[in-house]
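Relying on the hints, combine the two individually framed chains into one complex.
This is what each chain is made of:
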Amino acid sequence: MDDIQSKLKSPSKASREDIFGRVISYTCIAAIILLVVSILYFIASRGLATFTSNHVNLISFLTGQEWNPGALDAHGHPQVGALPMIVTSFSVTVLSALVATPFAIAVALFMTDIAPKNGAKFLQPVIELLVGIPSVVYGFIGLTVVVPIIRQIFGGTGSGILAGTIVLFVMVLPTITSLSVDALRSIPSYFRSASLALGATRFQTIYKVLLRAAMPRLLTAVIFGMARAFGEALAVQMVIGNAVLMPHNLITPTSTLTSQLTTNIGNTIMGTLPNNALWSLALILLLMSLVFNLLIRYIGKRGAIKS
Amino acid sequence: MTAILLTKNVHLSYGKKEALHGIDLDFDEHGITALIGPSGCGKSTFLRCLNRMNDLIPRTTVTGTFNFKGQDIYAPTTNLVELRKQIGMVFQQPNPFPFSVYENVTYGLRLTGHKDRQFLDEQVERSLKQAAVWDEVKDDLNKSALSFSGGQQQRICIARLLAVQPDIILLDEPTSALDPISSAQIETTLLALKNEYTIIIVTHNLQQASRIADKTAFMLNGNLVEFDLTSKMFTQPEQQDTSDYLNGKFG
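Protein chains in written order, with the UniProt record's numbering: chain A, 1 to 307; chain U, 1 to 251.
These aren't lab readings, by the way, just hints derived from the structure by calculation.
The reader is advised that the hints may include incorrect statements.
Pairwise CB distance ranges (calculated) [what the hints assert, rightly or not]:
| # | chain 1 | residue 1 | chain 2 | residue 2 | range |
| --- | --- | --- | --- | --- | --- |
| 1 | A | V136 | U | V81 | 45 to 55 Å |
| 2 | U | A3 | A | T201 | 26 to 36 Å |
| 3 | A | L130 | U | A192 | 51 to 61 Å |
| 4 | U | R211 | A | L130 | 57 to 67 Å |
| 5 | U | Q71 | A | L130 | 44 to 54 Å |
| 6 | U | L6 | A | M215 | 39 to 49 Å |
| 7 | U | D244 | A | S189 | 32 to 42 Å |
| 8 | U | Q71 | A | Y190 | 26 to 36 Å |
| 9 | A | Y207 | U | E122 | 24 to 34 Å |
| 10 | U | S176 | A | L35 | 51 to 61 Å |
| 11 | A | S186 | U | Q71 | 37 to 47 Å |
| 12 | A | M215 | U | R59 | 32 to 42 Å |
| 13 | A | S25 | U | H21 | 54 to 64 Å |
| 14 | A | S186 | U | T60 | 22 to 32 Å |
Note that this is a predicted model, so its numbers are computed, not measured.
Note that the Cβ used here is the ideal one computed from N, Cα and C, for glycine as well.
Only chain U is shown next, with the shape it has when bound in the complex (with noise of 0.2 Å):
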């Protein structure tokens, strides 16, 4: 497997307080890499320098190398516009804008100026498919996308971002704040995802993390402790920390 991604030395403040230490963590081209550990730990805001939304929030410095294909994240040049539609971000809430679903779908491609009828119809169709809500919405494109289930719209949230075609997808404790069922759908949606395209996710669920990922990440206050195979991580932790936070000692 070749990294697509590599990160060295990740640090981050917010104004004097440092929240990331130094991170290493490279990931691999097509998989599924998630990001563990307790609140507060830094693993969201790790995710959120990935594709700059961190830029947001004042009087926020990172530094750090961030490779992705060869090219610098943080460069003077690095186009803004064309790394968010090559990293893109599910968030927490489901936040599919109030137009109808067939609308949120096209957002991506209308903004860089798709107007051929019958190509976003293909995109809408194969996106919702991808994202395994295609049956469910098929016959409301038009109808708002808030008249859905907080499943389902997460589910119109990851569509709208397939629509753009990323290489890498970063996912922001997707399921947190939604029922048990609808976080199945969507864990069943990423496995589907995970032969094409590069999918990072942060999730509090361990659970969760065993299931699906290929490798896990585990952070603690700053720091990467462990980033290994989940298969090996699961069972065979190489740091106490590591053991005692899987094994429920704190987080």
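Bound conformation, chain A alone (with noise of 0.2 Å):
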């Protein structure tokens, strides 16, 4: 009686390796949360010291022209205009992106729908090759390849947005094209046997069926593929020119947010106003990949086919 009444109350092997694996699960789970909390508490924590303890007005840091944390200005203020640097982060993942979008669209559709047996077989592990290139070697091949071609065609040094925005397209046309190609997967087949049926030639059924269903997905595909390139550091460092000017046209050498990251970070001392700077561009990459990821939630949430 005594050894039924004890097996009863204590619990079984089953329900102690059950309580075991819920205490790794939720252990990792903590690990993690608390290393993205700390992530985000450190960038903030560094990055909103040059406001706090620098007194450098916010306004000023995001419209003013002038980078050059070290030194003071005539009225004594730092001189930390981050403009320059947001202007060209934008402008190489806008055009690059744009760039990208058409051909990321057109090899995805030769996929699915124009060769989806010898044309998939044949681009997806092109695709996958590139995915796989370290973006050092971009940079390398954007630095001795692509900067002095276009120093060849419109003089200067060749460096600035449009050698980023030619190395940041082959980057990212992989990111698109895979999320493309899933996104024209997930249409039915049904979609296009009635728009056939209907009397629509491929190309109508394409276009006017195929991509408009895919449509919610496929600006994902596109805003993810602008997430890796806001967030591309040493391949755009290489061939951007780095120096902190305001871009007045597509070949003047500039710098992008990561770029001057990457080139400046281990030049400063933890704790200056120039540190202090550079872990404020974090800051705003940082809240930009936030807003990124929003608006790939948002986009997906409305334009989910209901069924």
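As structure tokens, then:
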């Protein structure tokens, strides 16, 4: 009797294993949450120090065009105007996404609708290969091939937004393509049959049904590509010119938020204004990736096909 | 009655496997012809030959003559786009596009370049009325077609087809995914349409065939067993196989 009682009252082996498994996964989740929160806290505290302890005006930080954190201007204010980097970052991001999107969607359509068998068999590994190439290699090719060509054609140094756009175009192309392929594959084939049975040509079906039905997810693909372009540091740093100057056209040397960070973070002393100013740039990057994420979620929710 | 579509000696193979072994069927203008038979007998396959939807399936070969209003459907010169406008199809699963009802119904017309708003409005109203779904959707023409019930979606699909004014409407088990009430509404719709259109329907439901079809064709294992007036076939079938199938001995 006592034997049965103690057996029933104590947890079984299965339930002990269940608790053990749950403890492990909760611990891992807690560790990751802690990590994310501390990264956010660290970047935010460093990034905000520019405004709290160094008393830089937020507006002048976002709109100023002079970047020389080590020196003071005529009025005794530190020269930390991040506008040139913000403008350049957005320019290369938007331009590269604009250029890459038509190519990406064309390749995706080729793989899903025009040559679903051989096209996909051949292009899938090509795209995976493009993703796998390290960004320093892209940057190096940009530096040794793209920049000299631009220099020959347009004069100047060759570095600048144009070179950055070209390098980023190749880098975001596989991202946008593979997500577009997913988007188009998710369109049920009966939409295609329905359209063809109504007398639509293949092109009309693609243009009027597929692209339209896949639009929310295609937009998501583009935003993913933009997020990648916005955050890319190394390859851009190698071709952008790294002069913190307001870009006047596409071929003057300039600097993005990321390239400024990689170039200078090792040359500043923790806790000083030049260092804090760089953390402020990092904070802008962080906030922007948050915006990209929210956009993706918003579009995904609005565009989900209800059935 | 004159036949609008004549088929003779139709063979079809998927790769090496022959699915249709020589079908001869003539379809009268205006009226409903039902194709019945057990699963896998080739009735849907045959139906899909008639507007060349089988072209989309790789390694399919079709032989035989298909004469639609004096024109050979499988002639190399046939304009597929024109053909599918004249011989439209409604599928088993309701498949409206994820757009508004209005855009669904005007899809076929817009393909041919119709842009006049008033003409489109008239056609939308006419088609939806013919498909007997106008009263249910007229206040929600700008709502997504996917927000309606399955039966309503299927009738919107029929309306989408009627908008391009086809001569022949092919229906591939249009009610098998629907509940009995929606099915009955589709049947009423088809009966109302049969004076203006030639309707060919594949159905699993023998009662449905006996209720709505003027003529019925019974197919078995890729062969046409019997083709006659529905009233005659359901009361005095000539073939033993037909009789057995109608009496539920197999299938």
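Task: Numbers of the earlier hints that this structure fails to satisfy, in rising order - done: Result: no hint breaks.
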